[in-house]
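Fit chain B to the known structure of chain A by using the hints.
Residue-level listing of the chains:
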Amino acid sequence: MRDVSPPDTFYRSFDDEELMQRLFHRDLTAFRTLYERYGSLVYSTCLRVVRDAQIAEDMSQEIFLRIWRKPESFSAQRGRFVTWLTSVTRNRAVDEIRSRNRRYRHETASPEEQEWEIPASEAIDPALTAELSDQRRLIVTALEGIPSEQRECIQLAYFGGLTQQEISERLDQPLGTVKTRIRLGMQKLRSALTAELRWEA
Amino acid sequence: MDCQEIREILDAYALGAADAREAKAVERHVADCVRCWDELTKAQRTAALLALTAPMQEAPASLETRIMSAARGAARAGFSPAGSFGGVRIGWPATAGSVGLVGAAALVFAVFLQAQVNDLEGDRDTLEDRVVALGSITRVATAPDVRTISFEEVTDTTTTGPFSGDADYRWSRDEGKGVIFCDSMPLLPEGEVYEAWYVTLSEPVPAGTFTPDDAGGCLHLMEPEWQVAAATGVGIPHEKAGGARRPTGDWLVLAQFEDE
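As you go down the protein sequences, you meet chains A and B in turn.
Counting from 1, one number per residue, gives the positions in the first sequence under this note's numbering.
Counting from 1001, one number per residue, gives the positions in the second sequence under this note's numbering.
One should not assume that every hint holds.
16 Å max Cα-Cα, derived EDC-like pairs, lysine to aspartate or glutamate [said to hold, decoys possible]:
1) A:K188 / B:E1039
2) B:K1042 / B:E1064
3) B:K1042 / B:E1008
4) A:K70 / A:D27
5) A:K188 / B:E1008
6) B:K1024 / B:E1008
With beta-carbon atoms standing in for the labels, derived distance ranges [as the list claims (entries may be wrong)]:
7) B:P1144 / A:S13: 38 to 46 Å
8) A:S99 / B:E1008: 47 to 55 Å
9) A:G145 / B:C1033: 29 to 37 Å
10) A:E131 / B:A1070: 22 to 30 Å
11) B:K1024 / A:S99: 19 to 27 Å
12) A:F10 / B:P1144: 34 to 42 Å
13) B:C1033 / A:T194: 42 to 50 Å
14) A:T141 / B:D1032: 30 to 38 Å
15) B:D1032 / A:R100: 32 to 40 Å
16) A:R100 / B:K1024: 19 to 27 Å
17) A:R51 / B:C1033: 34 to 42 Å
18) A:S13 / B:W1226: 30 to 38 Å
To be clear, the hints were calculated from the coordinates, so they are not data collected in a lab.
No experiment lies behind these values; they were computed from the predicted model shown.
Think of the CB as a built atom: it goes at the ideal place given N, C-alpha and C, for glycine as much as any other residue.
Only chain A is shown next, with the shape it has when bound in the complex:
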């Protein structure tokens, strides 16, 4: 088998978009560098949604291989790579649980039993790059700062893959209430993040 040298300082000095460009050159070391940066984030996001380590692994592999085979799926004009990657990952994971005949949702039918713990914002995580750790500190702080019922709706939508209608049924709250919670919660997150958000194009 062809050996791929581990990412070195040279490759680590590339930003994500430069590494993606190198995938058009079929550069396996560039690909490996991207995996080194984001493998754990993709895996953890999948795991959070599907709650099954084996499925999370399979999905992470599928997502990364798709990037390798079709780097043109990402368009740098549309924004930063990491934003795109997390969107693709979350959507893929949610598609998975939706297609798995909603079993996961019924297993965790009671919102009170659902654990939506947020990691401590100060925690330094070896699985994340320094930049991602900074970003996480921001979003965790912002998420902690909004009312818990807004937070819950946002988490049920993002990680639980529920529509607003489904959230309203799950929480036994009027649909209008759920819509308002999501809108207000997201607006607060956005304004809390806008000043420092570096995930800009």
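Chain B only, in chain A's frame:
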């Protein structure tokens, strides 16, 4: 829906929580409304950050091994097949213009070759020859009448290995030449070469010889000794000597062109 109504559901859309009718409305609206488009982009960036609030787990080491090994297997530059990953949905609305370059295999191939050319710039001695060769390869591989064969998981237990390689063969009758691209092909004993043959309605016709590099990779122009009018496929025999008058009939790989 007007801007006000759209703004009310943008955040739910960015979270993937809008219902189908609302999602359609948002996508239709932002296609023509730059300001709502900007708002949506901000909402999507915020939503993307939420991924970071998942408890972080280090991906198992075996995952990296699996992914890198599969990527190597798929590393057939330029000929990279579309793959069957239809399940992955891109999180952007359709308005941003199609994100894919559907059917752009030839373009990707040209980009790859351009990269090869660029990489060679520092190597003045061989640059000119190599650029000429790559130019010929590009011409054949992107010829309007080009036909393709993909050989997958080529294994040969009679040589050193174990290897499981891939190869693509492209043939242009108008150019009178072919191109072989291979990755992780079984290695050859010293001094031996692979020989490819065009399969025709009568006798097989030699297509040319090629030698993979140490990693089993190759990108080689195949110039047959005489022109082939109507090949239906390509075969590579087990024999590694090359220059045989005709193949023994013991094929390592044999396949028809994809359009046959």
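Each hint, compared with the structure:
| no. | hint | result |
| --- | --- | --- |
| 1 | A:K188 / B:E1039 | holds, 14 Å |
| 2 | B:K1042 / B:E1064 | violated, 32 Å |
| 3 | B:K1042 / B:E1008 | holds, 14 Å |
| 4 | A:K70 / A:D27 | holds, 13 Å |
| 5 | A:K188 / B:E1008 | holds, 14 Å |
| 6 | B:K1024 / B:E1008 | holds, 14 Å |
| 7 | B:P1144 / A:S13: 38 to 46 Å | holds, 42 Å |
| 8 | A:S99 / B:E1008: 47 to 55 Å | violated, 29 Å |
| 9 | A:G145 / B:C1033: 29 to 37 Å | holds, 30 Å |
| 10 | A:E131 / B:A1070: 22 to 30 Å | holds, 28 Å |
| 11 | B:K1024 / A:S99: 19 to 27 Å | holds, 21 Å |
| 12 | A:F10 / B:P1144: 34 to 42 Å | holds, 40 Å |
| 13 | B:C1033 / A:T194: 42 to 50 Å | violated, 20 Å |
| 14 | A:T141 / B:D1032: 30 to 38 Å | holds, 36 Å |
| 15 | B:D1032 / A:R100: 32 to 40 Å | holds, 37 Å |
| 16 | A:R100 / B:K1024: 19 to 27 Å | holds, 25 Å |
| 17 | A:R51 / B:C1033: 34 to 42 Å | holds, 38 Å |
| 18 | A:S13 / B:W1226: 30 to 38 Å | violated, 52 Å |
In this structure, the hints that do not hold are numbers 2, 8, 13, 18, in rising order.
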